[in-house]
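**Student:** Chains as they are written, first to last, in my numbering: chain A, 425 to 804; chain B, 425 to 804; chain C, 9 to 299; chain D, 9 to 299.
FYI, nobody ran anything at the bench for these hints, they're computed from the structure.
Be aware that a few hints might be false.
Stated by the list, open to error - Partner residues aside, some chain C positions facing chain B, computed with beta carbon under 10 Å: (1) G50; (2) V65; (3) E66; (4) A83; (5) P87; (6) P115.
To be verified - As a list, the in silico EDC-like pairs of lysine to aspartate or glutamate whose alpha-carbon atoms are at most 20 Å apart: (7) K519/A to D650/A; (8) K251/D to E698/B; (9) K251/D to E654/B; (10) K251/D to D650/B; (11) K251/C to E698/A; (12) K589/B to E523/B; (13) K589/A to E38/D; (14) K175/C to E771/A; (15) K236/D to D208/D; (16) K484/A to E523/A; (17) K251/D to E658/B; (18) K251/C to D660/A; (19) K121/C to D88/C; (20) K516/B to D503/B; (21) K251/D to E646/B; (22) K251/C to E523/A; (23) K670/A to D660/A; (24) K121/C to D566/B; (25) K251/D to D674/B; (26) K251/C to D650/A; (27) K693/B to D287/D.
Glycine included, each C-beta is placed from N, C-alpha and C at the ideal position.
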Amino acid sequence: MDVHEYQAAEILGRYGVPVNPGRVAESPEEARAAAAEFGGTVAVKAQVHTGGRGKAGGIKLAHTPDEARDAAGAILGMDISGHTVNKVLVVKGAKIAHEFYLGVVLDRPNRQVLVMASAEGGVDIEEVARERPEKIVRRLGDPALGFQPYQAREIAFALGLPAGKVNGFAAIAQQLYDAYIEEDATLVEVNPLILTDEGDWIALDSKMSFDDNALDRHPETEAMRDLAEENLTELDARQSGISFVKLDGDIGCIVNGAGLAMATMDAVKLHGGEPANFLDVGGGASASQVAKAFSLVTADPHVRAILINIFGGITRGDVVAEGIRDALGEVQVSVPIVVRLSGTNAEEGKRILADAGLTAVDTMEAAAAEVVAAAHGKAA
Amino acid sequence: MDVHEYQAAEILGRYGVPVNPGRVAESPEEARAAAAEFGGTVAVKAQVHTGGRGKAGGIKLAHTPDEARDAAGAILGMDISGHTVNKVLVVKGAKIAHEFYLGVVLDRPNRQVLVMASAEGGVDIEEVARERPEKIVRRLGDPALGFQPYQAREIAFALGLPAGKVNGFAAIAQQLYDAYIEEDATLVEVNPLILTDEGDWIALDSKMSFDDNALDRHPETEAMRDLAEENLTELDARQSGISFVKLDGDIGCIVNGAGLAMATMDAVKLHGGEPANFLDVGGGASASQVAKAFSLVTADPHVRAILINIFGGITRGDVVAEGIRDALGEVQVSVPIVVRLSGTNAEEGKRILADAGLTAVDTMEAAAAEVVAAAHGKAA
Amino acid sequence: MSILVGNDTRLLVQGITGREGSFHTTQMVEYGTNVVAGVTPGKKGERVAGVPVFDTVEDAVAETGANTSIIYVPARFAPDAIYEAVDSGIGLVICITEGVPVNDMVPVYAYVKAHGARLIGPNCPGLITPGEAKVGIMPGFIHEPGKVGLVSRSGTLTYEVVDALTKAGLGQSSAVGIGGDPVIGTSFVDVLRLFQDDPDTEAIVMIGEIGGSDEEDAAAFIKEHVTKPVASFIAGQTAPPGKRMGHAGAIISGGSGTAADKVKALEAAGVRVAQSPSDVPRLLKEAIAAA
Amino acid sequence: MSILVGNDTRLLVQGITGREGSFHTTQMVEYGTNVVAGVTPGKKGERVAGVPVFDTVEDAVAETGANTSIIYVPARFAPDAIYEAVDSGIGLVICITEGVPVNDMVPVYAYVKAHGARLIGPNCPGLITPGEAKVGIMPGFIHEPGKVGLVSRSGTLTYEVVDALTKAGLGQSSAVGIGGDPVIGTSFVDVLRLFQDDPDTEAIVMIGEIGGSDEEDAAAFIKEHVTKPVASFIAGQTAPPGKRMGHAGAIISGGSGTAADKVKALEAAGVRVAQSPSDVPRLLKEAIAAA
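Same shape as in the complex, but just chain A (with noise of 0.2 Å):
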């Protein structure tokens, strides 16, 4: 789960990180009075779950209360890569003297957290990683101990950082550190972390990632979660244990296993197709669980039909196509279905599905076949 810029400084914030002081405006005129509240320069920043916000005129400094209030009126309701800009960052501005990046996310193959910082900060760190690798600095964290004091000092020299910067700048990696173990974090970002004319850090852009799995202990967190920005149909689908996940195209796929829908998307294309969605029924397909995922298909509108692939294995074949009749009796469906049923009792699936009015197709491939001519009106 993501969370915006201003929720992240504000759960860094109570790790100790110098955060900049910063208030939400929801309308021009809250972000007016924001800016007359600190004084000075300001930066109006939109508050949305995507990058890029800078090149897509997102973030405007504004010098005065009133070019805040009309920064927050050009940047509110703006569309940065799909989202909606319903709330902007009203932030103090800061003179900057230098920018850093700091980050902490999983290494996957050590499987270890890893703390990476850059002196090339405020700028996208996958290109610096890219091109310029020698330019990050990185440790990891010890599994059972976490990250040493010695290993944030190792990083501030390695930065180049003067002796007097060294111990705050190690301080601010600690906090990091600690913020992404303690809150489960899937990432912990500070780009830019400035030093400023005075001396002094300052986080100056905030940025977290929550995991999923340990969202049940951070009920905190999970009430930081903004229905505007994320997809309801997704959230729905999560609440029925259902992995669902919207793209581009028109033909809706319904899978049993994760790896298989991802082979199911391919294969859908492979045969000239586009699939609309990503969707991995889970372990069990009762008739409820399928008629969920009718109807999670079904919402997409560009949909032209739907392919059923599923591998009995546990489940087994026969079980799933009862489902299959007993959800069609729920849900209405009006594009055209292709199922693959194959593994455990799958003949006895298939007799059942045929009563219902459907055939079922023993391959993957032929299954993908059909459904993308279903889908472009013809037969396969």
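On the provided structure of chain A, position chains B, C and D as indicated by the hints.
**Tutor:** Coordinates of chains B, C and D only, in the frame set by chain A:
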């Protein structure tokens, strides 16, 4: 540092341990009021930093508020192993179905933290350990990861707890372990931990001791220090960086180094004397440090002679001699002083002492013999 | 036996009295797996599919000599179950449980490794040595004893491929589902090494998916150390970046972890990569013929 | 060299610019110890007694090939300093610092051990191989090269005994102060094993004190594994129970850890235990003669 039972219970209560509700009383009337508030039977318990309260009559049951008042009257002011009772704890009576022992300590040989439990609670656990060691169940916490839930369950099952009581016990064991680690304790003990007739767990008597070296990060624990329970001379010494322990003899000892200080006490005893104290002046031996040592030792009216035993190492003998000479200018010492000086610059040091009217001997044994003789009013 | 499990396996089921645990215990016993014990705290003395239940792993190991454990407990209890298994001397732990927080798994991974044990999963279907031992939730009947070692991050997709292999006459030495989480106990490389060293395995199939770089690491390992023919399939060619595809670990982030990169790395290592799961048997036969 | 330190030692001083660190660095350099580097964060480029100072242990090791580290930092920084040394590849770490909380040392001890390094201390005077390397705070001049290995929990008491040995014509191979805390990195048994295996050591002196059971463990080890003559002294015959005698670890608790028990165990293992430190040389000579 030790704390009282009621303070240990307060700390453990914060960790979720089901401690018995209680109220501290410093007068019989307060005890009466507390008993009236709880209603029914209460226990009135002496709050002193020593064991054996029960045998000494420091714990009494009271069935009415008046009985509680009388019990408190009897206990307050009582002397238990040299500790005067200034406070009693009045706790609700509990119907004991079974008593357990549960404690957390450092396991020195393994350098790990040990959780130990016994179904023979309410008695001296050291006696159980000595005589029926098989009655004690032990599990070591992982040095980095801590104590795992399964270990707590293993202890519970090994104690023979019924399935329905396992999780409750395991939770308490975990809470004691957490308190041990987070509070930098050296001992956390609940004895007895009881199951009531109603099947509830109650920690009926709690005990905690703390690592003196970690107190600076636990000001709230330091604030629990009961000066009435402390040897003020020892505390005073500690603040000057001197390790001091009061003993019962008549020969004061001033030594540099803890091991040598113990060896010096042993030498005094070997030569027929009784040491009045353990005293390690620490690394340096400035005039003010030595003066402090003199004042600590001579504060004891039983002291009849003083042995100063210095092995000059990095701290030079001449510097120590100067410290002794100057200290004698600051503090009035009216008992005989025997100095032993060896090691770095010992000869120069002896000259300095001779100028100050003190004769230094070469060996610890000679010094011990001489100081014992001096204490007993005769030449060695 | 082929790799990891077989006739020598003495299996313990942690969480045996739960819905999943009891169902799959029955399935495993029916398959012929030597399930010797189960653990559910407080359920000592019960039996599931004839298997005796104990309160603790320690007791179960002492009584039955279990050497392998499979875990079906809920996510929040899974790390504790793994520690209990490892500390009780179990050398191979298979964690089926899905949804364990990553921050819990980081210390678990290091702990298991430091104690010389092996963890498979979490969030995995388990593993099987056909005809000997099924230690997982896969349908046993689609497998056939043979010479192909299979390793996969997926569940049903693996069954799909196994089914195709069996139908093509390619039986399996062992099939290992390593799991779909970002932090798993056993990687592709670990299993490839075992298959390479296993005299019962003559060819290898590897089923990958988007996310992470385990497939790239596997490609490097194959290039360097694997002399047996390898065929592969990578799921998620059409997956969009930044979205989790069901598995917690199946996500393209910061432009890395794409299927295209993985396919490229594998092909550069001489692996034949199929465009669809059903094409795997044909490519594997080609690879075997070319070897 | 005898044990642990000697002419091959390339010493790094952590906390070199502090009062203790700089003083003892000078002393060690004057003794002839090969002190190659120091570390104080932020003090890179400075020199102490001619020794170059670095910001991190990593840098110091890379530049100077330091293989041993001695730590003089304040107690609250000591665990971090030990982790830094071990993680930077230092194989032998001597922690002089007194007052480190026990709960900090418990994970440190396990970490050092798991990483194959050796920690001596904390709260110890360090160790010396006379004529080769002094790595600690002991006065060097009282030592004489020779064949007696000495191990002790104490500081000045050790100097007392060393002085007596030297005056009695008994030089030392190495003298090791293991420290007076409840949790220390290296125990009597560890050092006894090294002395037993060291061809330069012909006899052993062990100086113990009240608290814990390391002396009893040592006695059991001596009985089983030590063939060289051993003499001992145990301080604290007159120490009362329940009171800490200066050292955090010197406390008789629950009736265990008494000097009498330790003396008994050592005597039962054939060790000659002196009644006073000055008597150690005589007993050791007896032991050598009887061997």
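**Student:** For each hint, tell me whether it holds in the structure or not.
**Tutor:** Evaluated hints:
1. With a cut of 10 Å, the hint placing G50/C at the interface with chain B holds, because the nearest CB-to-CB distance is about 3 Å.
2. Interface hint status for V65/C: upheld, as the beta-carbon distance to the closest one in chain B is roughly 7 Å, under 10 Å.
3. At a threshold of 10 Å, the smallest CB-CB gap from E66/C to chain B is about 6 Å, leaving the interface hint in force.
4. Hint status for A83/C relative to chain B: violated, with the closest Cβ pair at about 14 Å, above 10 Å.
5. Restraint check, P87/C versus chain B: the minimum CB separation of about 8 Å is within 10 Å; hint holds.
6. Contact between P115/C and chain B, as hinted, is supported at the beta carbon level, the nearest pair being about 6 Å apart and thus within 10 Å.
7. The straight-line distance between the Cα atoms of K519/A and D650/A is roughly 31 Å, outside the 20 Å bound, and the hint therefore fails.
8. Distance restraint check for K251/D and E698/B: the Cα-Cα separation of roughly 17 Å lies within the 20 Å cut-off, and the hinted pair is therefore satisfied.
9. This hinted pair checks out: K251/D and E654/B have alpha carbons roughly 12 Å apart, not beyond 20 Å.
10. Of the supplied pair hints, the one linking K251/D and D650/B holds, its CA atoms being roughly 17 Å apart against a limit of 20 Å.
11. Of the supplied pair hints, the one linking K251/C and E698/A holds, its CA atoms being roughly 17 Å apart against a limit of 20 Å.
12. The suggested pairing of K589/B with E523/B holds, with an alpha-carbon distance near 14 Å, which does not exceed 20 Å.
13. Straight-line distance between C-alpha atoms of K589/A and E38/D comes to about 35 Å, which puts the hinted pair past the 20 Å bound.
14. Between K175/C and E771/A, the direct Cα distance comes to roughly 16 Å. Compliance with the 20 Å bound is thereby established for this hinted pair.
15. The straight-line distance between the Cα atoms of K236/D and D208/D is roughly 12 Å, inside the 20 Å bound, and the hint therefore holds.
16. Pair hint K484/A plus E523/A holds up; C-alpha atoms about 18 Å apart against a cutoff of 20 Å.
17. The hinted pair formed by K251/D and E658/B meets the criterion: a straight-line CA distance of about 11 Å does not exceed 20 Å.
18. A C-alpha spacing of about 16 Å is found between K251/C and D660/A, which places the hinted pair at or below 20 Å, so the restraint holds.
19. Under the criterion of a C-alpha separation no larger than 20 Å, the hint pairing K121/C with D88/C is consistent with the structure, at around 16 Å.
20. With a CA separation close to 24 Å, the supplied pair K516/B and D503/B exceeds the 20 Å bound.
21. Using a Cα cut-off of 20 Å, the hinted pair K251/D and E646/B holds, with the two alpha carbons roughly 19 Å apart.
22. Using a Cα cut-off of 20 Å, the hinted pair K251/C and E523/A is violated, with the two alpha carbons roughly 30 Å apart.
23. In summary, the hint linking K670/A to D660/A is supported, as the alpha carbons are separated by about 12 Å, within the 20 Å threshold.
24. Only pairs whose Cα atoms come within 20 Å are accepted, and K121/C paired with D566/B is accepted, the gap being roughly 15 Å.
25. Our distance criterion of 20 Å between C-alpha atoms is met by K251/D and D674/B, whose separation comes to about 19 Å.
26. Taking the CA atoms of K251/C and D650/A, the gap is near 17 Å; set against the 20 Å cutoff, the hint holds.
27. Between K693/B and D287/D, the direct Cα distance comes to roughly 16 Å. Compliance with the 20 Å bound is thereby established for this hinted pair.
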